[in-house]
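Chains as they are written, first to last, in my numbering: chain G, 11 to 262; chain V, 11 to 262.
Bear in mind the hints are in silico, worked out from the structure with no lab data behind them.
Be careful, since some hints might not be right.
Stated by the list, open to error - Partial chain V-side listing against chain G, Cβ under 8 Å, derived:
| no. | residue |
| --- | --- |
| 1 | T149 |
| 2 | S154 |
| 3 | Y167 |
| 4 | R222 |
| 5 | M224 |
| 6 | R227 |
| 7 | E234 |
| 8 | S236 |
| 9 | L245 |
All C-beta atoms, glycine included, are put in the ideal place defined by N, C-alpha and C.
Listed below are the residues making up each chain.
Number of protein chains: 2
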Amino acid sequence: MSAFLPAIILVNPQMGENIGAAARAMLNFGLTDLRLVTPRDGWPNQRAVDMSSGALDMMPPVQIFETLVGALADRHYVYGTTARTRDMNKPVSEIRDAAVQFFARARNKQNIGFVFGPERTGLSNEGLALCHEIITVPTNPDFSSINLAQSVLLVAYEWFRVQGHEVNIGNKEAFAPHEKLEELFVRLEEELERGRFFRADDLRPTMMRNIRTMFMRAQFSEQEVSTFHGIISALIGNKTRKIKQTGGLVRR
Amino acid sequence: MSAFLPAIILVNPQMGENIGAAARAMLNFGLTDLRLVTPRDGWPNQRAVDMSSGALDMMPPVQIFETLVGALADRHYVYGTTARTRDMNKPVSEIRDAAVQFFARARNKQNIGFVFGPERTGLSNEGLALCHEIITVPTNPDFSSINLAQSVLLVAYEWFRVQGHEVNIGNKEAFAPHEKLEELFVRLEEELERGRFFRADDLRPTMMRNIRTMFMRAQFSEQEVSTFHGIISALIGNKTRKIKQTGGLVRR
Chain G
11 MSAFLPAIIL VNPQMGENIG AAARAMLNFG LTDLRLVTPR DGWPNQRAVD MSSGALDMMP
71 PVQIFETLVG ALADRHYVYG TTARTRDMNK PVSEIRDAAV QFFARARNKQ NIGFVFGPER
131 TGLSNEGLAL CHEIITVPTN PDFSSINLAQ SVLLVAYEWF RVQGHEVNIG NKEAFAPHEK
191 LEELFVRLEE ELERGRFFRA DDLRPTMMRN IRTMFMRAQF SEQEVSTFHG IISALIGNKT
251 RKIKQTGGLV RR
Chain V
11 MSAFLPAIIL VNPQMGENIG AAARAMLNFG LTDLRLVTPR DGWPNQRAVD MSSGALDMMP
71 PVQIFETLVG ALADRHYVYG TTARTRDMNK PVSEIRDAAV QFFARARNKQ NIGFVFGPER
131 TGLSNEGLAL CHEIITVPTN PDFSSINLAQ SVLLVAYEWF RVQGHEVNIG NKEAFAPHEK
191 LEELFVRLEE ELERGRFFRA DDLRPTMMRN IRTMFMRAQF SEQEVSTFHG IISALIGNKT
251 RKIKQTGGLV RR
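Excised from the complex, chain G in its bound form (with noise of 0.2 Å):
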C-alpha cells in the first residue's frame, strides 16, 4: 500500500456489510488500507466482499490483528472517533476541522490512523485513550448514531477533500454573442407586437424589459438562441400555412 496514507481501523466490528460498505467508502476516496481489530465472525467474509462492490478486491489484502495496540504498531498519530466526548484529557475537534492537518501529517510523513469501535457501543474508553485526539461529526442531537460505514465514509470524503481540490465549473458551451440574443430579442418583440401581445402602447417597453431580463438570466448558447427561434417559427409558422390552406392573408 501507499506510504502515508492514512490506515481505518475497526475494532471488533460486527456486522460484515459494515465492513464491505466501508471499504467501498475508503476506495471511493482513495484509501486502501483497511485493518480489522477481531473481527466478529472472522475473516475473510463473504458479505464483506459483496457489499464491498468490488472495492475489496482493487485494495492490498486486509490486514487482521489480535489488538488495537498491533493494529496501530507503524502509526505516527491515531485519530479516534466518537459520538460522544467523553470526559477525556484529548483534544476535541470536528472533523472537518481537524481534516486540515491530515494531509499536512503525511506531507510531513506521519502515518495516522483513524479508529473506529463496534456498531453498537463504540470505542471503549481504553480504545479512546491510544488515540492522539478525538474527531466528531456534527449531527442531530435526538439522532446522532451514524452507521459504522457512514462514519469512515465522512472520514475518507473529508481526507480526500483536503487534498488540493480542483473545482469544476461545469463544462458548459460558450455563451451566444449580445448580438445574436439582440437579434432573438427584436424578432420575439415583433412577433408580439404582431399577436397583439401588448395591451398599450405605453406598457411595451416595461414588458419587453421584463421578457429580456427573464430569458437573459438563462445565458443561452448560441445553438440555443436557434432553438428559441425555432420554437418562435413553429408557434407562428402553423398560422402561416393555415391561412394560405384557407386562401387567407399571407404573413409579410
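With chain G fixed as given, assemble chain V onto it according to the hints.
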C-alpha cells in the same frame, strides 16, 4: 414536516436496505422528508425499516410517487446527483460548493429537493432534465461509484454543516414551483407539436429535454411563467383570431 427542509427523492430505488440506510443518514443530519418514486419492491419495506435503526419510525411517513414530476411538484429548486458530469447545459457544482446555497435557499422560502437515481444506473437523462443544477462529489476516478445511501449521507451532512453559515444568493423573487414549470413545458410541447417543430418523432424527447434545460436555467418566477404563457398565446393566438375571421378552422 417542517417547511423549507430539503426533500430527498429516490428514483426507483432497488434495495430496501439502501432506503433504510438513507433514512438513517437523513435523520442523523435533521432531514425528514423522504420521497420514493416507484421503489422496486413496493412500500412499506421491512428491510428498509430494519436498516433505518428507528429513523423511519421517527420521521413523517415516506411519500410514494408514480413519477419524478409528481415528487417534485412543490419544489422550487432541484439538485440532481450523478457521478458523471454529462454533456448537459446545466451548472455542475461540487456538493460542498453548492452547499453554501442550500440554507440560503431555505431562508428565501425555496423548497429544495435532492434527486438520486437507482443504484446501478444513476439518474436517467430524463431525470436530470428535471433538475436545475447537478451536484457531484469528487472521488477516486478509478472507483467512483458511491453507494446510494452514502450519497444521501454526504448531501445531508453538507446541508447540516452549512446551517448558520449564511450567504446571499440575491433578493430574487420566489421561483415558480416545479408544477408550474411542468404545465408550461407540457403546453409548449403541445404547441410545438402542432407547429411541426419536431421533424421526427424520435428526435422529440431529446429536443424537449434541451428546451427544458435551456429554460430551466433561467429559474423563472411564477410571474415570469405567466409571461411565458402570454408569449405563447400571443404567438399562436393571432392565428386563431385570423382563422376565425376567415371562417376557417378553430383551434382545439
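Results of checking the hints against the structure:
no.	hint	in the structure
1	T149	holds, 5 Å
2	S154	holds, 7 Å
3	Y167	holds, 6 Å
4	R222	violated, 11 Å
5	M224	holds, 4 Å
6	R227	holds, 4 Å
7	E234	holds, 4 Å
8	S236	violated, 11 Å
9	L245	holds, 4 Å
Violated hints for the displayed structure, listed by number in ascending order: 4, 8.
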